[in-house]
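S.K.: Here is what each chain is made of, one letter per residue.
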Amino acid sequence: MFSYNFHWNQAFKALPQMLDGALVTLQIALLSMAIGLVVALALTLFRLSGNRILNGFATVWVEIARNTPALFQIYMAHFGLGSFGIHLSPYTALLIGIAFNNAGYLAENFRGALKAIPETQTRAGRSLGMTPLQAFRYIVMPQMLRIAFLPATNQMVWAILMTSLGVTVGMNTDLAGVTQALNAVSFRTFEFFALAAVIYYVIAKAVTVLARLAAARMFRY
Amino acid sequence: MIEIENVRKSFGQLEVLKGINLTVQKGEVLTIIGGSGSGKSTLLTCINGLETIDAGRIVVDGTDVHAKATDLNKLRRKLGIVFQQFNAFPHLTVLENVMLAPVKVLGQSKAEAEAMAVKQLTHVGLGDKLKVYPSRMSGGQQQRMAIARALAMSPAYMLFDEVTSALDPQLVGEVLDTLRMLASEGMTMICVTHEMKFAREVSDRVAFFHKGVMAEIAPPEELFGAPKNPELQTFLAATH
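Those sequence lines, one after another, are chains A and B.
For the first sequence, the numbering used here gives the first residue as 20, with consecutive numbering after it.
For the second sequence, the numbering used here gives the first residue as 431, with consecutive numbering after it.
Since the hints were made in silico from the structure, they are not lab data.
Quick reminder that beta carbons are idealized off the backbone N, C-alpha and C, glycines included.
Accuracy of the hints is not assured; some may be wrong.
Using 30 Å as the maximum straight-line C-alpha spacing, the simulated DSBU-like pairs for lysine-lysine come out as follows [what the hints assert, rightly or not]:
1) B:K549 to A:K134
2) A:K32 to A:K224
3) B:K448 to B:K534
4) A:K134 to B:K641
5) B:K504 to B:K456
6) B:K504 to B:K540
7) A:K134 to B:K534
8) B:K561 to B:K549
9) B:K508 to B:K658
Here are the computed distance ranges between Cβ atoms for each label pair [as the list claims (entries may be wrong)]:
10) B:T482 to A:L232: 55 to 61 Å
11) A:L34 to B:S568: 54 to 60 Å
12) A:L232 to B:R566: 18 to 24 Å
13) B:E651 to A:A61: 55 to 61 Å
14) A:A61 to B:R566: 32 to 38 Å
15) A:G99 to B:R566: 29 to 35 Å
16) A:Q36 to B:A541: 51 to 57 Å
17) A:A61 to B:A667: 37 to 43 Å
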């Protein structure tokens with residue numbers, strides 16, 4: 020009944036290739052977070068703007084990003100846009116899909132953080148002659164980022180794991196893509212995916228630990 | 431000069447200011463006393479345009495505060511205000527709290543703003559707390575920092591909105607001392623306060639607000655010594 024023979028050697032031999040793939044994974048995750056953060060800040064400002072069109076745009080973005088499968092979001096960036104003649108490489112499509120997802124979750128995260136900052140902080144800034152944007156930029160935003168920082172770390176971990184969905188749009192240079200390719204020629208499915216899983220785990224854990232250390236340094240108050 | 435002419439203000443059905451007329455001269459210290467809900471705090475936030483008004487006008491040095499064309503951000507530079515809640519910016523040190531607006535709003539250089547901040551913080555007795563975060567300070571210290579922060583903008587007028595109301599009793603004195611010092615230096619001040627002894631000491635005039643009306647205004651000896659308004663008599667009897 021249990022006659023499978025493990026061949027770990029094959030998997031370990033491929034480790035350098037897989038680690039190269041892991042670098043691509045990390046790169047996509049980091050870039051998608053950077054883009055996601057900037058877009059999420061913009062969406063947050065749109066929601067605060069009081070302008071119905073901007074607010075509506077941001078709300079629709081957040082709703083779609085949070086309530087549809089990440090896989091579909093990546094599919095849309097690749098095959099969906101492809102239908103309209105916009106052909107993105109798997110790398111770009113994956114990056115855009117994850118950044119879209121990140122922006123939605125982070126914007127919601129920022130909204131929660133904003134609620135925790137008393138309105139009187141803005142009032143104090145305004146009474147010192149600041150414009151609404153200055154009060155946001157120098158008083159509210161730094162406090163918001165602190166509150167949102169650890170939840171944002173979770174999103175970073177999620178972004179790393181989401182990159183594995185890239186195989187569905189033909190991504191073959193990231194960790195999941197490389198693993199899938201190795202599996203296809205060796206059929207050592209368990210060994211390769213187990214090893215890949217360990218690498219994902221280590222990266223995700225490292226990000227969490229580094230983020231905690233960074234938070235302790237950055238937020239001294 | 432701050433000229434308040436027939437100012438009315440409602441929150442929904444509730445009219446909190448029912449036609450206030452008042453002029454504050456340069457160098458004058460005016461305190462406003464009265465029960466809660468009498469409209470005194472609302473008046474202060476109307477003076478610096480944080481609140482709109484429904485009728486009348488408020489003119490500060492010739493500028494109509496609530497006129498559409500008025501640049502409120504610019505006007506607020508001359509109207510320092512300190513609130514009941516200290517509103518310290520928790521992510522900035524004491525020094526950074528005070529430097530922020532002069533750098534970002536007035537466009538001062540960091541060095542210039544720091545020199546001013548150190549001067550004002552020393553003035554309010556916080557010269558040794560420059561690098562400290564507000565969360566490490568007492569309420570009284572945070573409130574003095576808020577005063578220094580407002581003073582660093584070199585305002586022509588200072589508005590104080592019950593600045594001692596949120597303090598533990600033993601910390602009230604240090605903040606009032608700071609206000610006394612400012613008054614003695616000739617700062618034009620409007621103080622909304624519940625501290626009767628303080629009002630009696632520092633004011634040129636004291637105004638008593640009751641239910642949205644300025645029921646009486648007089649120099650302190652007269653207002654406290656021989657109150658005419660029956661509501662004021664009741665109020666003073668209850669607070670003495």
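S.K.: Would you mind marking each hint as holding or not holding in the structure?
M.R.: Right, here's what the structure says about each hint:
Distance hint between K549 (chain B) and K134 (chain A) is unfulfilled; the C-alpha atoms sit about 35 Å from each other, more than 30 Å. In summary, the hint linking K32 (chain A) to K224 (chain A) is supported, as the alpha carbons are separated by about 24 Å, within the 30 Å threshold. As the CA atoms of K448 (chain B) and K534 (chain B) are separated by approximately 37 Å, the hinted pair breaks the 30 Å bound. Pair hint K134 (chain A) plus K641 (chain B) does not hold up; C-alpha atoms about 33 Å apart against a cutoff of 30 Å.
For the hint pairing K504 (chain B) with K456 (chain B), the CA-to-CA distance comes to about 19 Å; that is within 30 Å, so the pair holds. At most 30 Å may separate the alpha-carbon atoms for a hinted pair to count; K504 (chain B) and K540 (chain B) meet this at roughly 20 Å. With a CA separation close to 25 Å, the supplied pair K134 (chain A) and K534 (chain B) stays within the 30 Å bound. Proximity of K561 (chain B) to K549 (chain B) is assessed by CA-CA distance (about 14 Å); at most 30 Å being required, the pair is judged to hold.
Under the criterion of a C-alpha separation no larger than 30 Å, the hint pairing K508 (chain B) with K658 (chain B) is inconsistent with the structure, at around 35 Å. The beta-carbon spacing between T482 (chain B) and L232 (chain A), approximately 48 Å, falls outside the hinted interval of 55 to 61 Å. Checked against the hint of 54 to 60 Å, the C-beta distance between L34 (chain A) and S568 (chain B) comes to roughly 59 Å, which is consistent with it. One distance hint, 18 to 24 Å for the beta-carbon pair L232 (chain A) and R566 (chain B), holds here, with the actual separation near 23 Å.
With their beta carbons about 60 Å apart, E651 (chain B) and A61 (chain A) fall inside the hinted range of 55 to 61 Å. Between A61 (chain A) and R566 (chain B) the beta carbon distance is about 35 Å. The supplied range of 32 to 38 Å therefore holds. For G99 (chain A) and R566 (chain B), the Cβ-Cβ distance of about 53 Å falls outside the hinted range of 29 to 35 Å, so the restraint is violated. Distance hint for Q36 (chain A) and A541 (chain B): a CB-CB separation of about 55 Å, consistent with the stated range 51 to 57 Å.
Checking the proposed 37 to 43 Å range against A61 (chain A) and A667 (chain B) shows it is violated: the Cβ atoms sit about 59 Å from each other.
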